[in-house]
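Top to bottom, those sequences are chains A and B.
Under our numbering, the first residue of the first sequence is numbered 9, with each subsequent residue one higher.
Under our numbering, the first residue of the second sequence is numbered 9, with each subsequent residue one higher.
Hints listed in this document are in silico derivations from the structure and should not be mistaken for laboratory results.
Incorrect hints may have been included.
[Claimed, not checked] Below, in silico cross-link-like pairs of lysine-lysine (DSS-like), each with a Cα-Cα straight-line distance of 30 Å or less:
#1 B:K302 with A:K99
#2 B:K302 with A:K104
#3 B:K99 with A:K23
#4 A:K23 with A:K99
#5 B:K104 with A:K23
#6 A:K28 with B:K302
#7 B:K28 with A:K28
#8 A:K16 with A:K26
#9 B:K99 with B:K16
#10 B:K23 with A:K28
#11 B:K99 with A:K302
#12 A:K26 with B:K302
#13 B:K26 with B:K104
#14 B:K16 with B:K302
#15 A:K104 with A:K28
#16 A:K23 with B:K28
#17 A:K16 with B:K26
#18 B:K99 with A:K28
#19 B:K26 with A:K26
#20 B:K23 with A:K26
#21 A:K104 with A:K26
#22 A:K26 with B:K28
Just so we're clear, the structure is a prediction, and the values are computed from it rather than from any experiment.
If you want the building blocks of each chain, they are given just below.
Protein chains: 2
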Amino acid sequence: MEEMPSLKDVEDAAKRLKGKVMRTPILSSRLLNERLGVQVFLKCENLQFAGAFKFRGASNVISQLTPEERSRGVVTHSSGNHAQALALAAKRAGIKAVIVMPEGSNPYKRAATEAHGATVLTCENSQAAREAMCREEMDREGLLLVHPYDDARIISGAGTAALEFLQERPDLDAIVTPVGGGGLLSGTATAAEGRCPVYGSEPEGADDAHRGFTSGERVSSQTPHTISDGLRTCLGVLNFQVIRARVAGIGLVTDDETLEAMRWVKFHTGQAIEPSSAVPIAALRNGSLPVSGKVGVILSGGNVDPALFE
Amino acid sequence: MEEMPSLKDVEDAAKRLKGKVMRTPILSSRLLNERLGVQVFLKCENLQFAGAFKFRGASNVISQLTPEERSRGVVTHSSGNHAQALALAAKRAGIKAVIVMPEGSNPYKRAATEAHGATVLTCENSQAAREAMCREEMDREGLLLVHPYDDARIISGAGTAALEFLQERPDLDAIVTPVGGGGLLSGTATAAEGRCPVYGSEPEGADDAHRGFTSGERVSSQTPHTISDGLRTCLGVLNFQVIRARVAGIGLVTDDETLEAMRWVKFHTGQAIEPSSAVPIAALRNGSLPVSGKVGVILSGGNVDPALFE
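The following block holds chain A by itself, in its conformation from the complex:
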């Protein structure tokens, strides 16, 4: 198994990414605090390039490629934010990118991926079909796989958001992120270790991380039912290991709670965030996390169909 990334790896990633990723702002709202009963600080990765924290990990991988690897190009499978992030990071570096997206992917995210100049291929909506088509491209075109989350470089890159967060707000009592494949949560927990506890939050309809965290056995398949399209995947192997070692707990929320949280964030901060990003806010609201005082939330992404707010 791959070795768990360290705080040093996250710090190295931050140096590598300086000037390449956006140092996103931290917003707060007194009225939102009153609604939630805690003082909440929002790290706006929804404003990150390509609209999500994913750009940090993708850029961390791309910027470490050798000239030979760069000439080959990259491939991944993703239904959304990682697709856009890798497409943009590759475009900026002048590298070819092929993205395999399952049928039924968010059309808004697909259009953005194409707009970043990537070649988008469509496959059946199953993990097996995604991996098979990726493998085919790797074999035929010599492309390098950039996994969306189960990769120490992706985890370290994702952790740089928490590093910035704690630089600006060293007084945070806890940080909460959503958890899907586990890249953001494991990176955040790695960056914050010894500074403050880190919690995950996920939809009841895709609760593999919560179950695995509780039982100690990683859940490797599930049939997700949730509007939070970024959180439908199962935890990666390395991600599971890091989360078991470094995360304090995982809260669960319903989709109705998520939709309400989206509306609150928009109302009080003007930010249109995607459902996955609202999950931590919903978890603060429903009391499924034992946090108090000053709580940092990483708003993971803003690639939402604007029609959801109409």
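With chain A fixed as given, assemble chain B onto it according to the hints.
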């Protein structure tokens, strides 16, 4: 007449404000560029503390007060963003603030001003009534007036947004801002002098700046009819002088164009901005400004009634 602020004044303000104001992010959207026919970069002062660029000027004044002045407290009249900004800057410095707001002010902005702990007084909706009530408070309580725009410290503070903008995007071919009292436009033009041309933009229903700029005679009263509530005031005396000397032109837009621009910005960047902030986008769209290439727009504020987007 007060002396025009210099680039050095803006640079000094930036040093003074370091760590006190948010270094706001710059967003862009390929699809928005396609709609506008220029490459546009948005400096998100809607995410600034207190929700608008006004916090820069207010903080620049507050941070230069003597201990004796601090003990007296401050007063201003404002229907909106300057009210919130001064209230927050004063609260952070532990200084008393009294804000005179005219009847009919945006209730959302009024509530936020009160939430920042200021004493809010209501006056009749006329320039004379606002100034009279301010004067009364100054005389009775010994409060210091912090004018919303007609003040070199306010102009220099507002200019720090453009300074940051040009640090990150030295390749801008032009910068466009809205113009009401003229604090942002004159500060921006001062910061950008010799770097790139700066344009203003204002609603047809409050076109005093355009008329004054064209005729050379400042328009000192008008009866505004526009949804852009931040742009209903007339240009200040010092602001007019700076704008005549340093601004390249002023575009005009209709309220319908402004509303459409608000929706575009929300759709393509997820940012809920107030109507005043959408005026430069509307001016880019309707061709009333002779700009091309890479155009910077300062999104002046985000203190909008969220119901406008429902």
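Results of checking the hints against the structure:
no. : hint               : in the structure
1   : B:K302 with A:K99  : 20 Å, holds
2   : B:K302 with A:K104 : 26 Å, holds
3   : B:K99 with A:K23   : 36 Å, violated
4   : A:K23 with A:K99   : 21 Å, holds
5   : B:K104 with A:K23  : 43 Å, violated
6   : A:K28 with B:K302  : 20 Å, holds
7   : B:K28 with A:K28   : 25 Å, holds
8   : A:K16 with A:K26   : 15 Å, holds
9   : B:K99 with B:K16   : 28 Å, holds
10  : B:K23 with A:K28   : 25 Å, holds
11  : B:K99 with A:K302  : 20 Å, holds
12  : A:K26 with B:K302  : 23 Å, holds
13  : B:K26 with B:K104  : 23 Å, holds
14  : B:K16 with B:K302  : 26 Å, holds
15  : A:K104 with A:K28  : 18 Å, holds
16  : A:K23 with B:K28   : 25 Å, holds
17  : A:K16 with B:K26   : 28 Å, holds
18  : B:K99 with A:K28   : 36 Å, violated
19  : B:K26 with A:K26   : 19 Å, holds
20  : B:K23 with A:K26   : 22 Å, holds
21  : A:K104 with A:K26  : 23 Å, holds
22  : A:K26 with B:K28   : 22 Å, holds
Of the numbered hints stated above, those contradicted by the structure are hints 3, 5 and 18, listed in ascending order.
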